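So the sequence shown is numbered by the working numbering: it starts at 978 and just counts up by one.
Think of the hints as simulated: they come from the structure by calculation, not from any bench. These numbers come from a predicted model, not from an experiment.
Distance condition first, Cα-Cα at most 30 Å in a straight line; then the derived DSS-like pairs of lysine-lysine:
(1) Lys1068 - Lys997
(2) Lys997 - Lys1167
(3) Lys1126 - Lys1035
(4) Lys1167 - Lys1070
(5) Lys997 - Lys1070
(6) Lys1068 - Lys1089
(7) Lys1124 - Lys1035
(8) Lys1005 - Lys1068
(9) Lys1070 - Lys1007
(10) Lys1126 - Lys1037
(11) Lys1167 - Lys1068
(12) Lys1007 - Lys1089
(13) Lys1089 - Lys997
(14) Lys1089 - Lys1070
(15) Lys1124 - Lys1037
(16) Lys1068 - Lys1007
(17) Lys1007 - Lys997
(18) Lys1007 - Lys1035
(19) Lys1070 - Lys1005
(20) Lys1089 - Lys1167
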Amino acid sequence: MAFSLLVSLCTVLVAFCTAKYQNEEGLKGKGIVAFLVNFPIMIPATVFAMGAQILFLKVKLFNPFITVFLAHVLYALPYAVSFLQEGMSRKMKLYEEQGRVMGAVGGRLFWKISLPLIYPYIFPAFMMSYILSMSQYILTLILGGGKVKSLSLIMVPYIQSGERNLASAYGLIFLCSSFLLFFLLDFLEKGIQRERG
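Using the sequences and the hints, build the whole thing.
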């Protein structure tokens, strides 16, 4: 669970930078960036995992935790970027320009204007990244080599062997953790709205 939370946090940070880049006008290479971001979901997970494994071996990256972490981030990134791009509309640009006119720059501009406007889109991006990371079986199995234990990696063998009771228990843990995270993020969102209003 902690691993998937870390993956989600990193994915949202990278997705924010990517969406911000793609939302800026007059910058070159947006088509290439969009293609590279969406490439992992264009191919089957097994093929992606095999290709990622070969790439990591070529760059001499042998740590299973880092390889699984990077693969999960890459696989969840297209979904997170699509959510954040939706939030970074022209309206957001107008508010940011007004904030700069009023003297808000740097971190103050981000915390007072950008983040409250985009937070409703960060919420589903984070949740989607978390659910994808928690449920990712093939990537974790191939790249982790059994050394990285995720909930799906523990649960799937019980399903295949017919141990329905244990599989149901792990499924319930997955469901409860997702609901708990959902309610926590919802509470934070309402707190930010109260602070703004």
